[in-house]
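Enquirer: Read off the chains here:
2 protein chains.
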Amino acid sequence: MKRIAVDAMGGDYAPQAIVEGVNQAIELYKDIEVQLYGDEAKIKPYLKENPRIRIVHTEEKIDSDEEPAKAIRRKKQASMVLAAKAVKDGQADAVLSAGNTGALLAAGLFVVGRIKGVERPGLLSTLPTRDGQGFDMLDLGANAENTPHHLYQYAVLGAFYAKHVRGLTNPRIGLLNNGTEETKGDSLRKETYQLLVADPNLNFIGNIEARELLNGVADVVVADGFVGNAVLKTIEGTAMSVMSQLKSAIASGGLRAKLGALLLKPSLYRLKDSLDYSSAGGAVLFGLKAPVVKAHGSSDAKSIVSTLRQIRTMLETDVVGQSVQEFSEEE
Amino acid sequence: MKRIAVDAMGGDYAPQAIVEGVNQAIELYKDIEVQLYGDEAKIKPYLKENPRIRIVHTEEKIDSDEEPAKAIRRKKQASMVLAAKAVKDGQADAVLSAGNTGALLAAGLFVVGRIKGVERPGLLSTLPTRDGQGFDMLDLGANAENTPHHLYQYAVLGAFYAKHVRGLTNPRIGLLNNGTEETKGDSLRKETYQLLVADPNLNFIGNIEARELLNGVADVVVADGFVGNAVLKTIEGTAMSVMSQLKSAIASGGLRAKLGALLLKPSLYRLKDSLDYSSAGGAVLFGLKAPVVKAHGSSDAKSIVSTLRQIRTMLETDVVGQSVQEFSEEE
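Residue numbers (the numbering used here), protein chains in the order written: chain A, 3 to 333; chain B, 3 to 333.
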């Protein structure tokens with residue numbers, strides 16, 4: 003049985019979206035058990051009773067605008083902190099939260115703890131590409147500054163994730179850079195390039211440019227946390243902006259455009275689906291002793307189900323245990 | 003008379019697109035003179051004779067895949083190099099090229115030269131926002147590494163550009179960062195923040211996030227060249243990807259979708275226009291002794307006209323002369 007500790011109180015639509023997602027996932031996956039951390043009175047109205055779901059009551063929770071490190075230190079009884087602590091104490095195998103990202107990163111690092119040998123766990127997400135295959139990118143912002151060796155470890159971790167969780171046999175690893183030639187980039191990129199090219203165990207395909215990211219040029223993309231975060235947010239912002247401009251172009255196009263849009267509706271929904279990050283699951287703080295996964299703040303029940311499926315796969319393939327092994331050999 | 007040196011041989015559609023753009027601009031703007039650098043035999047077929055256009059013949063040119071610094075050093079007679087040299091020698095007031103970006107940056111730095119006091123000229127473009135106002139961002143990749151003082155100078159330069167060229171009275175300056183709070187970011191961002199906030203002459207509005215860029219949250223956005231380049235390319239790549247996914251969603255939607263798309267055509271063209279970077283002109287290597295402007299490699303005649311209009315405005319407002327003044331006072 004895979005035991006997943008879920009923070010029921012984090013996210014824009016908590017606890018309803020979280021609890022409804024758990025209700026659905028528990029039906030789909032007979033090999034998971036969920037511990038729901040949060041306010042019992044607020045959880046119960048949405049919960050379908052199931053022997054594999056247990057509420058762990060607490061009234062404290064961390065808000066999305068709280069200073070992460072402080073919140074973790076002060077709110078020892080917060081739903082997110084208790085969920086992380088359950089993993090630390092061996093009561094659960096993984097944590098899921100849609101709440102304050104910084105706080106979850108802090109809880110992951112300070113409560114769950116790093117894998118020995120992994121210097122700086124990185125935030126990893128599977129992002130969608132045009133061809134539907136997607137790619138894994140890290141670090142998406144767990145760190146504001148990284149060294150070449152951190153980036154090298156992200157390549158190893160990312161390859162592990164792509165292999166075990168996504169089932170790729172020989173994932174192509176790219177380094178996000180401002181040009182494709184070997185000599186491109188700042189000193190961080192140049193030194194990282196040399197570390198990656200020197201490791202025969204990595205299928206390193208060289209530098210890739212941000213313009214090509216969504217074209218599926220690599221299976222794993224390595225970036226420092228600052229750049230990874232900026233790129234991720236730019237993808238989100240640009241996609242939203244184009245869609246909203248499409249809407250206003252239609253709205254200002256009169257009856258003709260409205261009729262056209264009506265006919266196009268199914269196609270536009272397909273487009274929206276293909277841009278939908280939530281179906282790929284949440285962002286994993288990867289490099290910790292257990293899966294710690296952040297679902298998007300605006301998660302609905304469907305994205306919670308996807309994220310629970312992702313966690314289940316991580317537990318099934320024991321990707322964390324495999325990483326522990328790998329990094330103990332590296333030492 | 004404003005004398006503009008144009009590299010007729012740079013860009014995917016050179017010399018035709020360049021020459022045709024010059025033909026149109028010379029009709030529109032009676033106060034410009036154009037020197038066309040390149041192969042006379044290849045230019046002539048497209049050229050409408052005009053007393054304010056002069057061909058300066060040369061057979062050498064720099065290709066898009068050449069190593070920039072080497073190309074500039076070796077090809078002394080290349081159209082781009084001669085155009086830059088015309089500015090240096092006082093024969094022209096500005097340079098335009100749609101060719102090899104790196105080579106143009108090198109020609110700008112080593113032939114035209116920096117404004118005294120400007121440590122690292124930055125690449126600046128006006129990018130489109132949802133509301134049509136746009137924002138200026140720099141550095142978009144002239145440098146792979148920057149110090150806090152470089153970024154501070156980008157704020158000063160960007161504000162100058164927004165004021166003089168775009169006519170904004172008190173441009174809002176934002177620092178691209180991984181969160182809006184003052185304490186966010188790596189050491190580069192933290193130190194830059196303090197420099198910006200300490201200058202009462204700058205309308206510094208604080209940190210802004212990449213997700214908000216296209217929402218018009220600032221008039222000038224300051225970034226280091228590595229991050230600016232990554233963000234610019236991500237915007238381009240994501241917009242292209244969404245549009246291409248829209249196309250395939252329509253294509254796979256059968257007759258109904260095709261009819262809808264037909265009705266929507268005018269609206270879709272409006273969308274395409276609003277996403278069109280070329281109408282905003284080219285990228286300026288700003289901080290040099292004269293306007294050195296890079297038109298997009300895929301420029302058509304229309305974008306060459308826009309870029310010539312932009313250069314004309316830069317010369318009319320003497321934004322470079324004003325910057326020289328400003329930086330001589332800073333010393």
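Be careful, since some hints might not be right.
Since the list can't tell identical chains apart, any single copy or any two copies may satisfy a pair.
Below, a list of computed lysine to aspartate or glutamate pairs in the DMTMM-like style, where the Cα atoms sit at most 25 angstroms apart [stated by the list, open to error]:
#  : residue 1 : residue 2
1  : Lys-260   : Glu-184
2  : Lys-274   : Glu-331
3  : Lys-50    : Glu-331
4  : Lys-165   : Glu-69
5  : Lys-267   : Glu-42
6  : Lys-77    : Glu-193
7  : Lys-90    : Glu-35
8  : Lys-192   : Asp-320
9  : Lys-77    : Glu-184
10 : Lys-192   : Asp-67
11 : Lys-274   : Glu-238
12 : Lys-118   : Glu-62
13 : Lys-72    : Glu-193
14 : Lys-249   : Glu-238
15 : Lys-4     : Asp-91
16 : Lys-274   : Glu-214
17 : Lys-87    : Glu-318
18 : Lys-267   : Glu-147
These aren't lab readings, by the way, just hints derived from the structure by calculation.
Enquirer: All the hints need checking, so say for each whether the structure fits it.
Expert: So, going through the hints one by one against the coordinates:
no. : hint              : result
1   : Lys-260 x Glu-184 : neither (50 angstroms within a copy, 45 angstroms between copies)
2   : Lys-274 x Glu-331 : neither (44 angstroms within a copy, 53 angstroms between copies)
3   : Lys-50 x Glu-331  : neither (45 angstroms within a copy, 71 angstroms between copies)
4   : Lys-165 x Glu-69  : neither (35 angstroms within a copy, 37 angstroms between copies)
5   : Lys-267 x Glu-42  : neither (41 angstroms within a copy, 53 angstroms between copies)
6   : Lys-77 x Glu-193  : neither (41 angstroms within a copy, 31 angstroms between copies)
7   : Lys-90 x Glu-35   : within (17 angstroms within a copy, 73 angstroms between copies)
8   : Lys-192 x Asp-320 : neither (33 angstroms within a copy, 39 angstroms between copies)
9   : Lys-77 x Glu-184  : between (48 angstroms within a copy, 24 angstroms between copies)
10  : Lys-192 x Asp-67  : between (37 angstroms within a copy, 20 angstroms between copies)
11  : Lys-274 x Glu-238 : both (12 angstroms within a copy, 19 angstroms between copies)
12  : Lys-118 x Glu-62  : neither (31 angstroms within a copy, 59 angstroms between copies)
13  : Lys-72 x Glu-193  : between (35 angstroms within a copy, 23 angstroms between copies)
14  : Lys-249 x Glu-238 : both (17 angstroms within a copy, 20 angstroms between copies)
15  : Lys-4 x Asp-91    : within (15 angstroms within a copy, 75 angstroms between copies)
16  : Lys-274 x Glu-214 : both (20 angstroms within a copy, 20 angstroms between copies)
17  : Lys-87 x Glu-318  : within (21 angstroms within a copy, 65 angstroms between copies)
18  : Lys-267 x Glu-147 : neither (44 angstroms within a copy, 46 angstroms between copies)
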